[in-house]
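Student: So the chains spell out like this:
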Amino acid sequence: MCLSTCLDISMSMLLHLRNMLVIFIGLLHLVLKKISNIDLRFRPEIFVPTNHADRIKEGIFLKNIIGNAYSGDLVHEQPLFLLAFEILQEYGLDSIAITVSHFACGILLSWVGREIAIDIVKGLKRNKVSESSLSLMPHAEDYVNSMGDWILKAYFCNPLVLLTYISESTSIFNNICLAASLYGTVKGSMVLSSIFLALAAYRDLYAIPMLIPSTVYIISKKNCLKTQRKWPSMYTYVFLNLTIFITTLGFFLFYSFKITGTWKFLDATYGFVLKVTDLRPNIGLFWYFFIEVFGDFSNFFLYVFQVNTIFYIVPLTMRFHKHPPLLIYAVMSLLAIYKAYPSIADIGIYISLSPLWIYTFNHTWHSLQLLFMFVVSCILGPIFWSLWIYSGTANANFFYAMTLFFNASQIFLLTNIVLGKIKCDFFSENGLDLTIDEKKVSLCLE
Amino acid sequence: MAATLVLKIMGVLSNRTSGKFSLLDPLVKIVITWNRNVCYFCYIFGILGFVSLAYESVSSGVYISENALLPGLVHGQFNSESVAREFLTSIQEEASRYPNGMPYAWIAAQFQQLGLDVGTQDFVLRYNIGPKTNYTGRNVYGILRARRHSSRESVVLAAPYRPPNSVFTPTNGGIALMLAFAKAFRSASYWAKDIIFLVTEHEHLGMEAWLEAYHRVSPAAGLVDSGDLKERAGSIQAAINLEIPEGRASYIDVKIEGLNGQLPNLDLVNLAHRLCRRERVQSTFKKRVDPYDGTSLEGFLENLETMLSMMSSQATGVPTGNHGFFHRFGIEAITLAGYYEPGMHHPIRYHELGRIVEGIFRSLNNLQERFHQSFFFYLLSGTNRYISIGVYMIPFSIMAAPLLLRAVSIWFDLVQSHNAQKDLTSLNYDQVCGIIILCHVFGSCLFLLPSTAAKLGLSYFEFETDESVYYGFILASVIIAMLLMFPVKRIDARAIRCIAHLEMATLMFATALQNISLATFQAFIVTPLFLGTGTASSRKGVFFKRLIVLLAHPVMILHVVLLLDAYRTFPEETPPSILLKSLSAAKRSVMYSLMDSFVYGNKMYDTCIQFYLPIWMLHWLTAGQ
Chain A
1 MCLSTCLDIS MSMLLHLRNM LVIFIGLLHL VLKKISNIDL RFRPEIFVPT NHADRIKEGI
61 FLKNIIGNAY SGDLVHEQPL FLLAFEILQE YGLDSIAITV SHFACGILLS WVGREIAIDI
121 VKGLKRNKVS ESSLSLMPHA EDYVNSMGDW ILKAYFCNPL VLLTYISEST SIFNNICLAA
181 SLYGTVKGSM VLSSIFLALA AYRDLYAIPM LIPSTVYIIS KKNCLKTQRK WPSMYTYVFL
241 NLTIFITTLG FFLFYSFKIT GTWKFLDATY GFVLKVTDLR PNIGLFWYFF IEVFGDFSNF
301 FLYVFQVNTI FYIVPLTMRF HKHPPLLIYA VMSLLAIYKA YPSIADIGIY ISLSPLWIYT
361 FNHTWHSLQL LFMFVVSCIL GPIFWSLWIY SGTANANFFY AMTLFFNASQ IFLLTNIVLG
421 KIKCDFFSEN GLDLTIDEKK VSLCLE
Chain B
1 MAATLVLKIM GVLSNRTSGK FSLLDPLVKI VITWNRNVCY FCYIFGILGF VSLAYESVSS
61 GVYISENALL PGLVHGQFNS ESVAREFLTS IQEEASRYPN GMPYAWIAAQ FQQLGLDVGT
121 QDFVLRYNIG PKTNYTGRNV YGILRARRHS SRESVVLAAP YRPPNSVFTP TNGGIALMLA
181 FAKAFRSASY WAKDIIFLVT EHEHLGMEAW LEAYHRVSPA AGLVDSGDLK ERAGSIQAAI
241 NLEIPEGRAS YIDVKIEGLN GQLPNLDLVN LAHRLCRRER VQSTFKKRVD PYDGTSLEGF
301 LENLETMLSM MSSQATGVPT GNHGFFHRFG IEAITLAGYY EPGMHHPIRY HELGRIVEGI
361 FRSLNNLQER FHQSFFFYLL SGTNRYISIG VYMIPFSIMA APLLLRAVSI WFDLVQSHNA
421 QKDLTSLNYD QVCGIIILCH VFGSCLFLLP STAAKLGLSY FEFETDESVY YGFILASVII
481 AMLLMFPVKR IDARAIRCIA HLEMATLMFA TALQNISLAT FQAFIVTPLF LGTGTASSRK
541 GVFFKRLIVL LAHPVMILHV VLLLDAYRTF PEETPPSILL KSLSAAKRSV MYSLMDSFVY
601 GNKMYDTCIQ FYLPIWMLHW LTAGQ
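Note that the protein sequences, when read in sequence, are chains A and B.
Heads up: the first sequence runs through residues 1 to 446, numbered per this note's numbering.
Heads up: the second sequence runs through residues 1 to 625, numbered per this note's numbering.
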């Protein structure tokens, strides 16, 4: 009797939840992880040298046997993470930790999305022509309220995220740090944001540039640009944020030095990422180019490629410092595209944040082509890989062409969002209906 | 031209500032307003284009692209006619003692006497559909170690052994030739690659087991327990499989189609044909002689029939001979099969056959690197005409484009109606996503069906395995169709159909990269059926649409194709007996495709269950709405 009432209540609660689909898919993730026996260990899309769980096992083994995990050229994981994995594995918790991080990352991202949505609506309301700017978003409340759901769906329905999860790629830990840092950022909490960002940067060097948009976001959150107050000024926040970040990262690095006894781990981790010594195929842009380029020039191009990764942040910050949500999104996606060893884990997390820009959908969005570009590259990539590696009937160019195509579609997505945002801003300042010489005109991009 | 069109379409699609499309571009306008006509025009034009590929001025003449092969440059030295004949009589004598088995000991002893490194391999197939049974077999192989190299590369000369009681024609001629070849060339100083002489048992199974053991991997489900090999000879560069009958043979057929429709490098195929021609032996493709005048109408029709014959065997994804399993490991392989037809050609002697094999192996011996120069993706319309991927993709794309065009037009429709409502949320994304995911989950569940059906069928109805699997499939299809008949409230049929079209088009293009024939037949059958789905206003119309979708069900397609095939093969039979024949063929073919999928890793069944059936379900769900 009691049990049936309980069941009844819980069922009705479940049914009333708006995101039945998300719960279903979340359960599906767990089931798939449990039952899937697909061997994903050799997939170049999922695993790069920096996120392979097997390499961590190797590192722990080497550490225990000869005391130095970095003696070979296999381990590129930070000492503290190796230690953490060792403890987790000792208690058999490594798989649970991955599961928890995976789901926590999704939930954190949905909270982040909601906060960002509130900020976006606020930003629109602040603009000059208030009514027309709101007509850009006729259902502003709906937009804010449903954003959490949207992002949960985009995260859990995302095959890239699913594959990352069932393959137990350790990039998940990176993603959870990044998501936590984003959460701190959008909440305006400098400490949370910087500490988690430092943790992410400790594991993956390419998280460091995220410091810029997150600082910009926090400053805008604190509203210190508008008010003319002297203290705390913008520079105080910049200084504080930097200090916390550097102190935390320095602490991690120094502690790593303490437990390993040498600074050699830096060369195996940061050095490995900066020098791009592993040219095995992945979905990035580096490997093919550095295989082809003559040795004499490879250093030069290494600088060019690495600078290229972070270079766009400067103009983007200059242009969009008033729109920190867009800035943060753009920097995240640029880093995921241009980093030396990208995997689908990096891409999955920023794609999950894409529903934020759904209100620009009506302005410019090559949605069908974009969708199709993504689908085609995601399907043809593995096919070309198997034709190249397993059947021997294709060659490296096929696979590289597909990764190029995939990266082009990501860039295309980003430019669309940025363009849509600019257009939206234009309309929110000038109104939707334009008249020139008392004639209604429509603007289009040629 | 195509690029500008794409850019224009993109421009039009992206120009949505004013809230409505400007259908300024006439090309885009045509595609959208006259969608139905454009679709059918593309379809018919694509078919005509594909058919015209067989015409001699569309296809190209073959040539040897890899310079290192140097075919026919060396003077043939094989002169062991009598030795081969002696081997043949000994094999026949030995074979008569084992009417069902293979004279392992005798073959191994012969290899041993010739001074080769001999190995045997035992394998077990653990059959898990229906009653659990184990099939065992043994392969025998000998390796001729090359004098000029250190066993890092090798070439394979293989022959399947067929016992006297087998239903297939014995291939003892091939084994005799192999032994004579080994005897003649074992002491030659010029071999730079090891030669592996391999005699396999149980047709495909033995070859699969040997290759799995050689490479220490199990690409299929791992039902074959293949053990390990004692002797190895480095990476295999190429393989020739011999199916030479005991008696007379008047022509040599070169078989190329491998597992999942994979083909060997065209250079190897050309090499075999060229060396046959040098020895004045008639070589054929699909047992068909090239027409005398390819430019005439008769010649065109003959070429077309050859091409279609190749396509239909490639589309099944089932290898035409033991060579087909090498392809998956990146090894180029062909089968040389001897056939006899009275009055066609004087019987071929071992002398000539030996020189052909010698020539092929001397050429392979010259190879500096793996075959990579020539085409891997092609269609053949004769022994000396080929159609490369760059040519056949054009008519195929035109043939498969209608689904894409239809999807684009539905998309425009959707977006326009949404813009009219000024409401982004009017499309129920949750419902659409949910239905699509659910259909795919349904499809994937069918992976569990065969073993369950076999178990249930055996215990409750005492059906044979193939019968219970077949009826299980029919039952599952009916249940799924019934479940999806219930109308879902306010279903966004157009959005679902748009995605189903896109997925089907993607599936076809993805298949075309691996197996163009399968993709072409897919496009040929499915495109008009799925174009026929759409909204219908009357009850009759809805019923008609459902009928069209029903025709596209995989089981339905299978039956229709097999019925036509039975009608073609037995034109003199009465209709009821043809129907019965096709039904029993359907039962067997379901079982065979399962076997191929589980034992050898044929992707046909998987693709059908995971992708095609869900697409069909989406269409069935939205039929007429």
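Where hints are given, some of them may not hold.
[What the hints assert, rightly or not] With the C-beta cut set under 8 Å, the calculated list includes, among others, these residues of chain A facing chain B:
| id | residue |
| --- | --- |
| 1 | L368 |
| 2 | I383 |
| 3 | T393 |
[Stated by the list, open to error] Straight-line C-alpha distance at most 30 Å; calculated DSS-like pairs for lysine-lysine:
| id | chain 1 | residue 1 | chain 2 | residue 2 |
| --- | --- | --- | --- | --- |
| 4 | A | K258 | A | K275 |
| 5 | B | K455 | A | K33 |
| 6 | A | K423 | B | K29 |
Treat the hints as calculated values from the structure; they're not laboratory data.
Just so you know, even glycine gets a beta-carbon here, dropped at the ideal spot from N, CA and C.
Student: Is it true that the CA of K423 (chain A) sits at most 30 Å from the CA of K29 (chain B)?
Tutor: 26 Å, holds
Student: Hinted pair, alpha-carbon criterion (30 Å max): K455 (chain B), K33 (chain A). Please report holds or violated.
Tutor: 27 Å, holds
Student: Hey, does the L368 (chain A) contact hint survive, CB to chain B under 8 Å?
Tutor: Check passed: Cβ of L368 (chain A) comes within 5 Å of chain B, closer than 8 Å.
Student: Is the straight-line distance between the alpha-carbon of K258 (chain A) and that of K275 (chain A) 30 Å or less?
Tutor: 25 Å, holds
Student: When the nearest CB of chain B is found for I383 (chain A), is that gap smaller than 8 Å?
Tutor: 6 Å, holds
Student: So, T393 (chain A) near chain B? Judge it on the closest CB pair being under 8 Å.
Tutor: Given a least distance of 4 Å, the restraint on T393 (chain A) holds.
Going through the hint list in order, the structure satisfies each hint without exception.
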